[in-house]
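Engineer: Next come the chains, spelled out residue by residue.
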Amino acid sequence: MTRRSIAIIAGGVALVAALAYLRDPPWLANVTSGMREWDYSDPRMVFRWTAGRASLFIPSDAKAVMIPLRSGIPGPLTGEVPVEIRVDGRFLATITLTDPMEWVRQELPLGNRVSNRRFRRIDLHVPRVVGEGNGVMTGPPTVW
Amino acid sequence: MYERGVRHFVAATAVIAVFAYLWIFTRLGYPPIHSDGYSYYVYLPSWGIYHDVTMEALARDWYGGKYPGFTGLLRWPTTGLWVDLHPIGTAILMAPFFVVGDLLSLWSNLPRDGFSLYYGHAAGAAGIAYLIAGLVVLRKILRRHFSDGVVLATLVGITWGTNLFHYGVFDGTFSHVFAFFLVCSWILIVELWWERPDWRLSLALGTVAAMLVLVRHTNALYLAVLPLYGVTRWNDLGARVVSMWERRRWLGAAALVGAIGILPQLVLYRMSTSSWLVNPYSALDIGFSFGSPRIVAVLFSTQKGLWFWSPLLVFTVIGAIVAKGWARGIVWPAVVTFGIQTYLAASWWDWQFGASFGHRAFTDGLGLAAVLLAAFFQWVAERVTARRIVTGVATALVALSVAQMVQYWTGKIPIANTTWQEYRDAFLRF
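Residue numbers (this note's numbering), protein chains in the order written: chain A, 499 to 642; chain B, 368 to 797.
Calculated from the structure, these hints are not laboratory results.
Virtual Cβ for every residue (Gly too), placed ideally from N, Cα, C.
Be aware that one or more of the hints could be misleading.
Covered by chain B, per the in silico footprint, the following chain A stretches (three or more residues, Cβ under 8 angstroms) [said to hold, decoys possible]:
# : region
1 : 505-515
2 : 529-536
3 : 602-609
4 : 628-634
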């Protein structure tokens with residue numbers, strides 16, 4: 499067997515191993531997308547702004563999730579800000595934020611969907627942004 | 368010893384780049400796609416995920432229909448359609464990495480939103496990959512004409528004694544390292560084409576020329592390397608015109624490929640603005656002030672002076688004077704393109720080019736500067752005393768550049784408008 503063949507086989511094995519690992523990595527719980535840094539300026543509530551889209555991960559054995567939401571600034575026209583929530587790409591609920599100053603805490607049942615992954619992905623979609631692309635304020639999620 | 372150094376230099380640089388990247392984006396917390404990098408990159412999610420060349424769908428999904436100011440996208444005043452301040456070339460070169468990031472996102476159940484974890488690092492990896500590819504091409508050029516010791520010193524100097532490494536790793540989603548790769552490729556192809564033209568090389572000429580323009584429109588100035596290559600005297604120009612006329616078939620083929628290559632950008636401009644040729648910055652009422660260029664500031668100032676922040680490049684000036692042999696034929700193209708680049712940068716409304724380490728207007732052309740640096744090192748190598756002095760000075764200047772790069776990364780050096788007092792206060796303080 500030539501050195502080239504050995505290198506190709508070793509590369510192939512490394513690639514397969516990397517892909518197997520990346521399918522369900524344990525650090526995914528700490529991964530978010532479309533989320534700003536945590537803001538500690540309010541002593542009553544730590545929060546972070548989303549962009550128009552944002553995603554986070556929760557354990558796959560969770561039966562329900564609650565993500566505190568607040569619009570912070572009124573939406574256009576009626577002032578309401580609807581937040582669409584999806585789980586693993588499937589529609590879960592729309593929560594409408596009517597009072598910009600009020601934190602809305604709604605428990606959302608997740609059903610008993612079987613998953614062989616450690617985590618499920620929660621996507622938030624906000625149809626408006628303010629400032630430099632901020633959607634709504636979110637607090638730390640709670641799962642049951 | 369030098370031969371081994373040259374052989375392993377690129378691989379060693381790749382390893383160092385990966386470690387530096389991991390440090391920057393895990394410890395220092397910068398996102399890979401930031402600042403101008405956003406507007407270079409945003410074509411990919413818009414085209415690849417939202418299947419939309421107008422950028423509207425991404426704006427709706429991420430920003431409620433209106434891109435925020437930091438994104439570098441603006442609504443064209445007459446059509447109301449989105450126009451990106453930066454052209455499509457960088458995104459085209461990044462595209463293979465974007466595809467990998469997209470497939471990995473699908474595989475790991477990460478959001479296929481164009482900006483989640485793998486997309487960002489795929490774009491960052493593209494910067495490193497084009498840095499390495501550019502160095503491979505540059506090494507090939509230099510090895511054809513210089514000794515191993517000179518090649519190694521030049522590669523080290525260009526990579527670490529300038530802001531090249533920074534633009535491959537820290538600001539790897541900006542256009543500069545992609546343009547560096549293209550300029551190096553351009554020099555090599557031009558050299559081979561003048562040696563012995565054929566269809567393959569002519570098509571490569573057209574392709575690289577188109578990509579140069581697509582990555583940064585003002586980089587069209589590097590096309591001047593083709594007619595000026597090998598010209599060392601005024602009297603050569605007439606003969607050069609004749610030889611280009613003799614190769615008009617090859618040139619015509621290259622021009623045709625180049626024209627086809629830039630067509631997508633022209634069509635995009637036409638769709639968005641109703642004009643084929645557009646300066647997107649004109650919608651912001653900013654542009655060039657050709658009557659009052661800040662040439663001294665661009666070259667010498669503490670803010671962004673090229674030779675202040677990359678003093679090793681002063682050696683290229685001497686290299687242009689002492690160059691001999693093949694390198695002599697690169698002096699004219701280098702001086703002409705450097706002169707035009709300096710005048711353009713100095714005339715730009717923001718002559719500092721915003722946040723940057725050193726002056727990034729010149730990063731694209733470091734492949735040409737490398738030839739002059741090599742010419743200088745070759746000249747020095749023939750003189751024992753000068754060799755000792757220059758080795759010490761060059762090593763110190765490379766170390767200084769690396770130290771200041773790290774200071775820039777860690778916020779010890781301001782991102783712009785650095786004063787002499789600020790520079791002195793921060794000097795070698797970590």
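Engineer: Evaluate each hint against the coordinates.
Structural biologist: To see whether the hints hold, each was checked on the structure:
Coverage of the region 505-515 of chain A by chain B is violated. Counting CB-CB distances below 8 angstroms, 0 residues qualify, and the rule asks for three or more. Coverage of the region 529-536 of chain A by chain B holds [criterion: at least 3 residues with CB-CB distance below 8 angstroms; count 3]. Given a C-beta distance limit of less than 8 angstroms, the hint that chain B covers the region 602-609 of chain A is violated, as 0 residues qualify and 3 are needed. Counting residues of the region 628-634 of chain A whose beta carbon lies closer than 8 angstroms to any beta carbon of chain B gives 4, which reaches the threshold of three, so the coverage claim holds.
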